[in-house]
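Peer 1: The primary structure of each chain is shown beneath.
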Amino acid sequence: MNAWRQPGFWFSFLLIFLGGLVVLVLRQDTLRENAFTILMFIGLASSLNILMGYTGYVNFGHIVFFGLGGYFGFFLVSEMGWPVYLAALGGGVLSAIIALIIGAAVLRLRGAYFALATIGVNEAARAFVSNFEPFGGSTGLFVNFSAYDRYGGAAHALWFTFILLWLVVLAVVVVSYLVKRSRFGLGLSAIREDEDTAMVMGVNAPRDKTKAFLISAFFPGLIGTLYFFKNGNVEPDDAFRFQMSLEILVMVMLGGKGLLLGPIIGTFAYERLRGYLIISPIFKNLHLALSGGILLLIVLFVPGGAVGWLRDRLPKLRRWLE
Amino acid sequence: MILQVKEVSIRFGGLQALSDVSFELSPGEIMGLIGPNGAGKTTLFNVINGVYPPTSGEVVFRDEKITGLPSYEVARRGLARAHQVVRPLNDLTVRENVMVGACFGRERHSRGAAAAVAEQALAQVGLRDRAEQMAGNLNVAQKKRLELARALAAHPYLLLLDEVLAGLNPSEITEMVETGRRIRDEGITILMIEHVMQAVMSVSDRIIVLDYGQLIAGGKPEEVASNPQVIEAYLGDPEMTAKLMAE
Ligand SMILES: Nc1ncnc2c1ncn2[C@@H]1O[C@H](COP(=O)(O)OP(=O)(O)OP(=O)(O)O)[C@@H](O)[C@H]1O
Ligand SMILES: [Mg+2]
Chain A
1 MNAWRQPGFW FSFLLIFLGG LVVLVLRQDT LRENAFTILM FIGLASSLNI
51 LMGYTGYVNF GHIVFFGLGG YFGFFLVSEM GWPVYLAALG GGVLSAIIAL
101 IIGAAVLRLR GAYFALATIG VNEAARAFVS NFEPFGGSTG LFVNFSAYDR
151 YGGAAHALWF TFILLWLVVL AVVVVSYLVK RSRFGLGLSA IREDEDTAMV
201 MGVNAPRDKT KAFLISAFFP GLIGTLYFFK NGNVEPDDAF RFQMSLEILV
251 MVMLGGKGLL LGPIIGTFAY ERLRGYLIIS PIFKNLHLAL SGGILLLIVL
301 FVPGGAVGWL RDRLPKLRRW LE
Chain B
1001 MILQVKEVSI RFGGLQALSD VSFELSPGEI MGLIGPNGAG KTTLFNVING
1051 VYPPTSGEVV FRDEKITGLP SYEVARRGLA RAHQVVRPLN DLTVRENVMV
1101 GACFGRERHS RGAAAAVAEQ ALAQVGLRDR AEQMAGNLNV AQKKRLELAR
1151 ALAAHPYLLL LDEVLAGLNP SEITEMVETG RRIRDEGITI LMIEHVMQAV
1201 MSVSDRIIVL DYGQLIAGGK PEEVASNPQV IEAYLGDPEM TAKLMAE
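Residue numbers (my numbering), protein chains in the order written: chain A, 1 to 322; chain B, 1001 to 1247.
The set of hints was computed from the structure by calculation and includes no laboratory data.
Don't be surprised by glycine CBs; every beta carbon is placed ideally from N, CA and C.
Among the clues, some could well be false.
[Said to hold, decoys possible] Facing chain A, from chain B, some residues (calculated, C-beta under 8 Å):
no.	residue
1	Ala1075
2	Arg1081
3	Arg1087
4	Asn1090
5	Val1100
6	Cys1103
7	Phe1104
8	Arg1111
9	Arg1150
Chain B with its partners taken away, still in its complex shape (with noise of 0.2 Å):
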């Protein structure tokens, strides 16, 4: 297992944001994480790679323990991650912000190292001819792809990847796809929130729902898409619903 997470538990003054989530991920899986809004998706993230601790549980990564440990260290040891709210290094260039995934990531490039590395990484997102600009110059399209342009660029072990599809029009949606199989086809294993059904739907070998901090299901994806309880949770959310029947 590349990653375990043990009955995680997280509060935050009277909202209990996670209740015992508890689930695994094999190496060079794609898993998608799916859930209404609010129901504690990206708080599993933050959980997941040290932004927050949890309140109890345990967070597993390649069988070293990494719970409670600042997110600076869970990145060194293989774990990159793509924002949901983006967030560039503004006043640096777009080549410069890859270079940070490249030179703080797994393999702690030198800089000269990174800049060939972020090259790379700038080419599998296409984002190649932007990276003299300066990163708060991007469009939210391109911001995206920077972010995950950095994480890449960390070469991790696991990649959380928050709603990257989000936002992005239906051609670019397919190239981000494309890209994320890519990105799986290196060896990555790949954990995706997404609220764009038919995309992760196609794209997970397994899918886990959440709801109000509880895991309600996982499995297969057409396993997924037909537990009554899921569509119980999406009835809030008609068009949510109706995309997930239609699958």
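Okay, chain A solo, but in the shape it has when bound (with noise of 0.2 Å):
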């Protein structure tokens, strides 16, 4: 079976290149930064299903790696005089790297002791960062506006900073697709059902379990430092909000985790319940427990997601939600 011909990957894959097409083609502004938050929020949703969905742990700190590895390409861009592509890079390869110092740490935990210990992690690293005065400390880091020029000036270097984000979530697409269709993706199915089982059976838990966090870690680093480039700066509150990752979560479950689709499905959804909730006046201030809220009920009642659901109830349209 040739892995290019998944209807199920195409499906997923084009969704998001005809997306941003779109955007390129219109060129507005406005419609610009919004296509930015949600492709932002599909790439960190799709990394976080690597390590959620496919491995089966459920990770709290995924915006660590948002934060980190953006501080550091962040860091790279206004201080180093890096170009933002090169800078976000090195945002991913510093993320994958506390990726696997963390994991040699805490992927020994199982369950829910790996999950509240990840949401120890995020802590510790938004303390770190305050205080970490080659990173601005609590007051963060600001671009130095020549930093633009390389790209011809803001309003291009943002539309330049839209395309690497696109194109890093489509590369997001690709290696999640990848990795679930590989070897190395049918062990980690094996490690989420039962890892003793896994080991067993021959799967070197602690080593796969290991890459599939350093994968999921990476992509967050490349599009933290896109995004603070973007914005023009950074700081701790806004790079380890845990709401974030909380949401981030959700949006995993709510389309249906260990799917290709799901992450982006989820997405769509989360940002369009954002959208309508944001303007009423109740739930304005109450962000934190309507994600609570909603995880509640998916986790409950539609553990397999919006995806996952119609695929059970669809079984011919299985091949497309992949």
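Two chains, two frames, a set of hints: combine them into the complex.
Peer 2: Here is the structure:
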């Protein structure tokens, strides 16, 4: 079976490819900003899915990689004068290295213990960066406007950054798919179902789950750099929002964990919902409660998420809902 | 020798689950491992395939010391296992379950090749028409066969079977015993724990007996069956004794 002939892959890929293309053709700034947010969350949710959906490790600290990698990438742009695409790669690599270190400590834990530890990691990272002077301490860093000159001014730089993000998210989808279809991916799903049995069957679980964690952490580092570069500044409260971690997790669950299309649909759905509720005066300040509430409802009633639910009911469409 | 177990002991807190167990297994042999409930049979398997490191003693597999290696390292060296308490990977299909065995066992197939190997293993245990089903939805007898198929797909040198016959009806038992013979004919060595005496007596070349963590007897099935110490060990279990005597 040729891996590239899977309609499920192409459906997810083209959704993002064509979506980004439409934004580029229309060239409207507000549309670009909205699309940037959506793409960013799709990238974050899809990369979380590799650890959470494929491997079964629920990570409440995914945003740490966005924050730390983003901080580092931003530092490379603003203080070291690197071009943004190289800086973003640097951010991704740093995130992956940090995952390797954190993983050695927390990946021994399973289930709820792992999840709890990842909450701690988030707070520790924020505290660290707030006191780390090269990263500007609690005030953070600001971009030197000459950094935009390289791309023909701020307006062009924003479009350029958008295109980079678009490519990164496409890469996340491709990598997610390749992992899922691979022998490595089969091993990850065995770990998710029963880690001890997987090991008895020959899966090198300590190594493979570390690899999954590493891949999962790499992309948020890239995305973080692009996001902060677009904003022109980075500060601890912006980089390590626990709420964002929770939202990414809800997006994965809402769309369907372990599925390629799940985090994509989940992001769209959650962003729509947030769009409605943010204008409602009652819900405006209940963000966290809202994500928590949705999470609870999904876990209790639709553990497969929207796409998983559809797959169960429409077996004919299964090929498309990979 | 394909497997040498040398003076293996293991303690769980105050419980001496295995004391100085030693035996050897030659290639192509079917060896039965019997003993009363709680004798330490499953624990012995756990020590052999690296789930627990022994407190003392040594396990040698194909002339390599494997004591203390993690279970995945043992598996890739060609030792596969079917569990007493079935452990299907519930949210994977039956085929995918078996593919895990083929991908990560001795031959470490690519995913594409693993599908073909899985097909064959499923046919061997008669689960082919269930391949697309979720493993969690199988009944117990089918899950037992899935355990076996997964282990077979690893194409191991040595197969550890932990009560694969338990919970099967007589015709299923006959089928399984047939499957066991076929597997041996393919050159796979088998060490099997079994409570179904008639089956284990008829299929094994040799039998060893564990009681309270100690190896109390070993030899040809008929020798073991008439060994007074073995009969004594089973005396707490009259039904078992009767079965043993009937052989
Ligand atoms: N991980 C463990 N921790 C503590 N005690 C254990 C552990 N595993 C097994 N035991 C104990 O070791 C003894 C031997 O157990 P084991 O499962 O090996 O018996 P068995 O011969 O397989 O019995 P059965 O025929 O009932 O399957 C039992 O008393 C059991 O309670
Ligand atoms: Mg047992």
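Peer 1: Now tell me, hint by hint, if it's right for this structure.
Peer 2: Hint-by-hint comparison with the structure:
Satisfaction of the interface hint for alanine 1075(B) is found here, the shortest Cβ-Cβ separation to chain A being roughly 3 Å, below the 8 Å cut-off. Interface hint status for arginine 1081(B): upheld, as the beta-carbon distance to the closest one in chain A is roughly 6 Å, under 8 Å. Checking arginine 1087(B) against chain A: minimum C-beta separation of about 4 Å stays under 8 Å; hint holds. About 6 Å separates the beta-carbon of asparagine 1090(B) from the nearest beta-carbon of chain A, less than 8 Å, and the hint is met.
Hint status for valine 1100(B) relative to chain A: holds, with the closest Cβ pair at about 5 Å, below 8 Å. Annotation: cysteine 1103(B) was flagged as interfacial toward chain A, and the flag holds, the nearest CB pair being 5 Å apart, inside 8 Å. This hint holds: phenylalanine 1104(B) has a C-beta 3 Å from the nearest C-beta of chain A, less than the 8 Å allowed. Because the smallest distance between the Cβ of arginine 1111(B) and any Cβ of chain A comes to about 5 Å, under 8 Å, the interface hint for this residue holds.
With a least beta-carbon distance of about 6 Å to chain A, the hint placing arginine 1150(B) at the interface is held under the 8 Å criterion.
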